[in-house]
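K.L.:
Let the sequences and hints guide you as you build the complete structure.
From first to last, the protein sequence lines stand for chains U and Y.
All residue numbers for the first sequence refer to this note's numbering, where the first residue is 2 and numbers rise by one.
All residue numbers for the second sequence refer to this note's numbering, where the first residue is 12 and numbers rise by one.
To be clear, the hints were calculated from the coordinates, so they are not data collected in a lab.
Mixed in with the good hints there might be a few duds.
Computed footprint of chain U on chain Y; a stretch qualifies when at least three of its residues, placed anywhere within it, have a C-beta under 8 Å from a C-beta of chain U [as the list claims (entries may be wrong)]:
1) 27-37
2) 47-61
3) 66-78
All C-beta atoms in this analysis are idealised placements derived from N, C-alpha and C, irrespective of residue type, glycine included.
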Amino acid sequence: MIYFELFYTFFLIGAFTFGGGYAMLPLIQAEIERKGWMPSEDIVNFIAVSESTPGPFAINISTYVGNQMGGVLGAVCSTLGVVLPSFIIILIVARCYDKFKNSTAVKGCMSGLKPAAIGLIASAVVTIGKTVFFPHGFKLSVFTEVSFYISLLLFAVMAFLTFQKKLHPIWIICISAAVGIIAGYALDLPV
Amino acid sequence: MNEHESRRSRLLPLFLTFLKIGGFTFGGGYAMIPLIQKETVENKHWISDDDILEIIAIAESTPGPIAINSATFVGYRTAGVLGAVLATLGVVLPSFVIITIISMVLTQFQSLRAVKYAFYGIRAGVLALIVKAFWSMYKKCPRGIVSYIVMAFAFICAAIFDVNVIIIIICSALFGLVTTLLAKRRLDHQS
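P.N.:
Encoded structure:
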């Protein structure tokens with residue numbers, strides 16, 4: 002049943018991601034693709050939607066996937082799923098914070114979880130990079146297509162603006178969208 | 012007013028405060044912390060600045076999105092389990108409603124040519140944002156031989172061998188735990 006499947010999948014995602022924001026991305030991406038719920042391209046598109054709307058990424062994406070797969074009831078199931086593990090664990094930890102804080106076991110696990118999140122997000126960069134630069138799979142003919150070079154140039158400029166100029170993500174998204182539309186119509190790119 | 016009554020009188024304000032926090036933070040996660048601090052420490056005096064530091068430490072070492080972790084924690088500290096429920100509901104609700112509306116509209120707009128071009132541009136911008144997120148996480152992570160081994164292990168397993176992300180996370184936590192316990196034992200032996 003799709004409702005249970007949504008709840009269970011997002012429960013796992015909620016229970017196994019540490020650190021906020023994009024630390025969740027690799028697991029979300031892997032699970033959604035494994036289930037065949039959404040192509041990688043749609044997930045990348047949705048990251049932009051999530052950056053331009055309020056609220057945490059995890060809630061936004063679980064609501065979105067839930068809606069797409071099972072309507073509003075599906076969204077309720079997936080969002081409840083992603084929230085529940087945090088909720089239960091925090092209620093437990095809030096009662097015995099001092100024990101938790103000084104626990105060698107927690108510190109030990111964290112010393113493995115933090116670098117793992119970095120390795121995983123690096124692999125998400127590779128997957129998303131493939132979606133951006135080689136949307137139809139890796140072929141040599143890509144290097145003759147103008148859309149490939151526009152993506153490359155746009156990525157380089159946006160990386161410069163976000164790293165060096167510390168431009169807000171919303172501006173990065175607005176500028177990228179504008180460049181995409183102008184370049185698309187001006188060069189009559191294939192859709 | 013006794014303790015019980017004052018706790019109950021905080022339920023509605025808790026819900027409304029977290030509704031506001033959920034509705035007005037873009038990007039989620041750490042972007043929420045300053046707003047939570049302002050609302051719950053400076054304006055409402057529900058918790059102290061030390062509690063905020065505690066929340067960040069707990070959120071970092073428990074699974075799930077930081078927004079949920081902190082809402083549950085503040086809600087529980089301020090008005091018990093019911094407070095935790097209402098604060099969490101408040102922080103989730105704006106995202107849920109906004110994304111539900113968007114996902115109904117987005118599906119229809121996605122087939123428009125201009126929207127396709129816009130997302131084509133946006134995907135390159137999003138890649139830059141994720142590379143930036145990767146870099147900030149890498150800079151914050153403690154360095155050391157164990158860290159580098161886990162980073163490389165997680166990256167290779169996920170990007171090349173397509174191993175289930177949950178298995179990678181569990182193995183990394185166990186590896187961190189074992190190396191920490193071994194280091195501690197060696198230290199105990201020396202002293």
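K.L.:
Each hint should be assessed against the structure and marked as holding or not.
P.N.:
Status of each hint after checking the structure:
With 5 residues carrying a beta carbon less than 8 Å from a beta carbon of chain U, the stretch 27-37 of chain Y meets the three-residue requirement, and the given coverage holds. Judged by the Cβ-Cβ criterion of 8 Å, the stretch 47-61 of chain Y is not covered by chain U as claimed, because only 0 of its residues qualify and three are needed. With a threshold of 8 Å between beta carbons, the proposed coverage of the stretch 66-78 of chain Y by chain U holds, since 11 of its residues qualify and at least three are required.
In summary, the one numbered hint that this structure violates is 2.
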